[in-house]
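Chemist: Sequence:
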Amino acid sequence: MDLKESHCWGRKRKTEKFGAKPQAKAGPELFREMHIQATFTVSGPLAQPTVAWVGEDVLLSCHLSPKMDAREMTVKWVRGPLVVHMYRMGKEMMFVQAPAFQGRTKMLREDMAEGKVTMRIHQVQLSDAGQYTCYFQAGTFYNETSFDLQVAEHRKQPFSVAGPAQLIQAKQGEDVTLSCELFPKMNAQDMTVNWFRNQTLVYRYLNGENLEESQGTEFQGRTELLKHDMAEGKVTLKIQQVQVSDSGPYTCQFQSLDSHSEAHIELQIEESLPTSQKTLPIMIVAVFLVVFSGSSLVTCFFYKKRLQRVLKRKEFHSQLHSLTAL
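Heads up: the sequence shown at position 217 corresponds to 886 in the numbering used here, and the numbers run straight through without jumps.
Just to be clear, a hint being listed does not mean it is correct.
[As the list claims (entries may be wrong)] Straight-line alpha carbon distances no greater than 30 Å define the calculated DSSO-like cross-link-like pairs of lysine-lysine that follow:
#1 785 to 760
#2 854 to 785
#3 840 to 896
#4 896 to 907
#5 760 to 736
#6 760 to 840
#7 840 to 907
#8 785 to 775
The hints are simulated quantities; they were obtained by calculation from the structure and are not laboratory data. Fair warning: this is a prediction, and the values are worked out from it, not measured in the lab.
Throw the hints in and build the complete structure from the sequences for me.
Modeler: Dropping the structure here:
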């Protein structure tokens, strides 16, 4: 079962698989459908698999890329052949919902104008586990993504994750390490460890393997997970040749079948100035000192000359006064 986040390319549809057969549109409805006709990809939860516990609620989110208004689209969640929840053109189509989910789902629409939708499943059951598909359709274009939901019956020992409280700073082109650890200490080798920067996956460790193909393109080939302290619950992410664009909030997330927790780390990358820009201030200071020293010498020279003239004038007047007295 593929646990990584999937991005499926869209395809054109002639007819729909669910509900009534599409009818010809006219007037404002046709204009509205033409207006939202676009291509997009669909992404599921960043942290995968999603873990829930029996009797609790779980949120399953997916979003469009690029961001666009999804309020006039068709949105559907399915698990295998079962329709979990369906929304079309501003209305929720509860009559197509599978009996196993009736009365237990709700669609959160607060971020729908930006292309993000979230479905809440109330009072999760063991039978809710499985692969879910989130599906968007605009006009004749549609796309989807799939992700897994795991359901555990009981929580085991909970844990928390801690990272450095202070800001981590580095210069452009350097390597930087970000560390976090579990409390209480426990073996994390069989856990899922995710690193994110904002909504971008930086690194994923799952079932003892590094899933580099699922990370953001800007981090590919530049990251390494240092695992020598993983048996004690500590992991360190190494990012090579950091760029200014790597700055921002990072999330270190540990996830087991029974618990999950995360910590946040702030990274700031300082831009390195070119050699010419580094030496420019030194040159300016040197020129200033030379000019200042030169002007001081010139001033001193003319002051000395003027003083000599004053002394000679005084000596001349003194001699003249002596001759007059005679």
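Chemist: For each hint, tell me whether it holds in the structure or not.
Modeler: Hints, verified against the model:
1. 785 to 760: holds, 16 Å
2. 854 to 785: Violated, at roughly 37 Å.
3. 840 to 896: The hint holds at about 25 Å.
4. 896 to 907: With Cα atoms ~11 Å apart, residue 896 and residue 907 stay inside 30 Å; holds.
5. 760 to 736: holds, 21 Å
6. 760 to 840: violated, 52 Å
7. 840 to 907: holds, 14 Å
8. 785 to 775: At roughly 14 Å apart (the allowed maximum being 30 Å), residue 775 and residue 785 satisfy the hint.
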